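The task is simple: from the sequences and hints, build the whole structure.
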Amino acid sequence: MKSLKLKSQHVPVMVTLILFLTMFAFGALRYDNFFSTQVFLNLFVNNAFLIIAAVGMTFVIISGGIDLSVGSVIALTSMVAASLLQDGQFSALTVIPISLLVGTTLGFIMGCVIHFFNLQPFIVTLAGLFLARGLAYLVSIETISINNPFFSYMASARIPILDGFISISVIISLIVVALGIFIAKSTKFGRNIYAIGGNEQSAVLMGLPVGRTKILIYTLSGFCASLAGLVFTFYMLSGYALHANGLELDVIAAVVIGGTLLTGGMGYVAGSVFGVLILGIIQTIIVFEGTLSSWWTKIAVGVLLLAFIVFQRVFITLSENKNTIKPSGTNEQEALKLKSGVKPGTTAGRG
Amino acid sequence: MMKSKLFWPIIVLVSILCINLFFDPSFFSIEVRGGHFTGSLVDIANRVTPLLLISIGMTLVIATKGIDLSVGSIVAMSGAMAAFVVGRPGISDDSLAPLFLAIALSIGLALLVGLWNGALVSRVGVQPIVATLILMIAGRGIAQLITNGQITTIYYEPYAFIGAGYLFMVPFSIYIAAAVFILAVLLTRKTAIGLFIESVGANPEASRLAGLNSKNIILMVYVFSGLCAGIGGLILSSNVAAADGNNAGLYYELDAILAVVIGGTTLMGGRFFLMGTVIGALIIQSLTTTIYSIGIPPEVNLVVKAVVVLIVCLLQSPEFRKKFTRVLTFKKMTKKEGVAQP
Numbered sequence: 023m024k025s026l027k028l029k030s031q032h033v034p035v036m037v038t039l040i041l042f043l044t045m046f047a048f049g050a051l052r053y054d055n056f057f058s059t060q061v062f063l064n065l066f067v068n069n070a071f072l073i074i075a076a077v078g079m080t081f082v083i084i085s086g087g088i089d090l091s092v093g094s095v096i097a098l099t100s101m102v103a104a105s106l107l108q109d110g111q112f113s114a115l116t117v118i119p120i121s122l123l124v125g126t127t128l129g130f131i132m133g134c135v136i137h138f139f140n141l142q143p144f145i146v147t148l149a150g151l152f153l154a155r156g157l158a159y160l161v162s163i164e165t166i167s168i169n170n171p172f173f174s175y176m177a178s179a180r181i182p183i184l185d186g187f188i189s190i191s192v193i194i195s196l197i198v199v200a201l202g203i204f205i206a207k208s209t210k211f212g213r214n215i216y217a218i219g220g221n222e223q224s225a226v227l228m229g230l231p232v233g234r235t236k237i238l239i240y241t242l243s244g245f246c247a248s249l250a251g252l253v254f255t256f257y258m259l260s261g262y263a264l265h266a267n268g269l270e271l272d273v274i275a276a277v278v279i280g281g282t283l284l285t286g287g288m289g290y291v292a293g294s295v296f297g298v299l300i301l302g303i304i305q306t307i308i309v310f311e312g313t314l315s316s317w318w319t320k321i322a323v324g325v326l327l328l329a330f331i332v333f334q335r336v337f338i339t340l341s342e343n344k345n346t347i348k349p350s351g352t353n354e355q356e357a358l359k360l361k362s363g364v365k366p367g368t369t370a371g372r373g
Numbered sequence: 033m034m035k036s037k038l039f040w041p042i043i044v045l046v047s048i049l050c051i052n053l054f055f056d057p058s059f060f061s062i063e064v065r066g067g068h069f070t071g072s073l074v075d076i077a078n079r080v081t082p083l084l085l086i087s088i089g090m091t092l093v094i095a096t097k098g099i100d101l102s103v104g105s106i107v108a109m110s111g112a113m114a115a116f117v118v119g120r121p122g123i124s125d126d127s128l129a130p131l132f133l134a135i136a137l138s139i140g141l142a143l144l145v146g147l148w149n150g151a152l153v154s155r156v157g158v159q160p161i162v163a164t165l166i167l168m169i170a171g172r173g174i175a176q177l178i179t180n181g182q183i184t185t186i187y188y189e190p191y192a193f194i195g196a197g198y199l200f201m202v203p204f205s206i207y208i209a210a211a212v213f214i215l216a217v218l219l220t221r222k223t224a225i226g227l228f229i230e231s232v233g234a235n236p237e238a239s240r241l242a243g244l245n246s247k248n249i250i251l252m253v254y255v256f257s258g259l260c261a262g263i264g265g266l267i268l269s270s271n272v273a274a275a276d277g278n279n280a281g282l283y284y285e286l287d288a289i290l291a292v293v294i295g296g297t298t299l300m301g302g303r304f305f306l307m308g309t310v311i312g313a314l315i316i317q318s319l320t321t322t323i324y325s326i327g328i329p330p331e332v333n334l335v336v337k338a339v340v341v342l343i344v345c346l347l348q349s350p351e352f353r354k355k356f357t358r359v360l361t362f363k364k365m366t367k368k369e370g371v372a373q374p
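If you're matching them up, the sequences are chains A and B in order.
Going by our numbering, the first sequence wraps up at 373, each residue one higher than the last.
Going by our numbering, the second sequence wraps up at 374, each residue one higher than the last.
I should point out that these hints are in silico values taken from the structure, not numbers from a laboratory.
Nothing here was measured: the structure is a model prediction, and the numbers come from that model.
Note that beta-carbon positions come from the ideal geometry of N, C-alpha and C, so glycine has one too.
You may find that some hints are simply not true.
[What the hints assert, rightly or not] Chain A stretches covered by chain B per the calculated footprint, using a threshold of three residues with CB under 8 Å from any CB of chain B: (1) 147-153; (2) 278-286.
[Stated by the list, open to error] Quick look at which bits of chain A chain B covers, simulated, 3 or more residues with Cβ under 8 Å: (3) 114-120; (4) 136-143; (5) 159-172; (6) 267-275; (7) 331-337.
Written out as structure tokens, the structure reads:
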């Protein structure tokens, strides 16, 4: 019985995995040269920053929130790093910690505002989006290209694997993913995130440190966005205020396609990685196809999003029905039941 | 008077306009030039129309505790659709048929998109943010598909009238925005629809039990939002005589949400204030115009907007007010004690 329950929890991630394999198989059958190690490794090389940002976003979404600021934070980080390196002539060793602090601080502030003033994450991170993008413009309107030796090394270093290669950024992103999985599975903080996403009120009643956790979640997401910004800077070797415009949508899409419920309480870091890889493979297929224009990526992502969201709805309805028949269940089912049963009476907005 | 939801937004708007007066004494003057009114105020009123229309639609959506992220993409799609009809070479300026075809197709597309969003939210039961996120992403792709990835320039003269024409010396787009606004006010305040929307926003389940058809009300609100965004897209593409699938209406959804929130409608749903939204949209547009006219680099605009969003949200947050008033009353108390003690 236990194995069956585990399965139902893993269904969304399994679907994502199967979709990824199907798409890869589709590409391999349709195009020559598609089925190669390098094409697969390039998915990581080209999307390392997206993977890092998606890890942070996964935690935010599991907690039932959203972070719209990641794209702008990436741009701001790249801008700060480039400006300090080129105009300030600082060494990479000083620049990297400062750049990482940018997003972390912004995330911390947003988390505090969300928690202490009980504001909606959507609107607070929207302000963060404007602020970070505006600050990036204030640093400079022009593109700043970087010729720092360390950054150039990070951009060009290739680590051979099998008959292909990966960049150092990929290693960084994989470390972040591993840490993300560890935090989600094996730390109190991680379990608290799931509890808050399942039902915030019951989390408060259970005596969990909801406020601290919430602030930490946004700080973590800000840190991930900044790290993604650094990796993005390695990738582009330049800072530009328009970098990563609208990237937050890609990240959210990747997390949703990765099987994380947007209502919160359920999701996997590993799923988000596959979500990013699926976005990457769509782009790869479109490049291989040659005749298809780039905007088909957007349409394809939209269609996939739709499919996954409808699938999630069906999945939730099914597990809710199951719950009404069998009251005992896993934590996650319990949370779902609470969610459907106890509706916090909101009369807000009437004052 | 200070209790009114409109009080603070109006103060902000007036002070922004007065800052302009300080830098440019002729800011409020309106002249007749070339057979129509010109001046900074007319300019603001003209430029604000697409945002204003979208914000009106957004107000009703937010009143039902929803949100419509796809409006920016609808603006792009509607403009692309119109350009697809009137942007082709060889269309003569004499015939008005392409104009009406363009309007019909654009509005039709916008209504369809609104219906799609509404169906996802009300029938499938998807969260509004997510449901409209789909078209926010895919919509730009569709817009680029229609324009074939190019920025289509429109040379067809009659089409320019919508966004750049004048009727009785006043920009025609202002009439359109005013008509939609009056329609929305009449529909929501003179009929029961407004009450229904507020009721659904405050508590959808209770409204359903009270006999309201919540689903259809939610559906209708999204269709209306789509319609508003579609008209906004027509005005915008007509004004710049071009359709750009990638950048037309970029960040409009965020500006519109901001306008609604400034206007006093909270994101929690329930009561809504259409007049507040109008003032909110005017504030955003005057802010942009001011930043350009004073000579502050336009990049600061985003930072200022961020600060405005934060302040407005903080003022609306009960927690913040409580803390704030506690600080104030504490100060008063210590003052009184200080007087009483000696």
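Consistency of the hints with the structure:
For a cut-off of 8 Å, the count of residues in the region 147-153 of chain A with a CB near a CB of chain B stands at 6, and the three-residue condition holds. A count of 3 residues in the region 278-286 of chain A with a Cβ less than 8 Å from any Cβ of chain B is obtained; the coverage claim is therefore met, three being the minimum. Restraint check on the region 114-120 of chain A versus chain B: 0 residues with Cβ-Cβ distances below 8 Å, three needed, restraint violated. Residues of the region 136-143 of chain A with a Cβ under 8 Å from some Cβ of chain B number 5, which satisfies the need for three, so the listed coverage holds.
Closer than 8 Å: that is the beta-carbon criterion, and the region 159-172 of chain A has 3 residues meeting it against chain B, so the requirement of 3 holds. For the region 267-275 of chain A, the stated coverage by chain B holds: 3 residues have a C-beta nearer than 8 Å to a C-beta of that chain, and at least 3 were required. A stretch counts as covered by a chain when three or more of its residues have a beta carbon under 8 Å from one of that chain; for the region 331-337 of chain A and chain B the count is 3, and the coverage holds.
Comparing the model with each earlier hint shows a violation of hint 3 alone; every other hint is respected.
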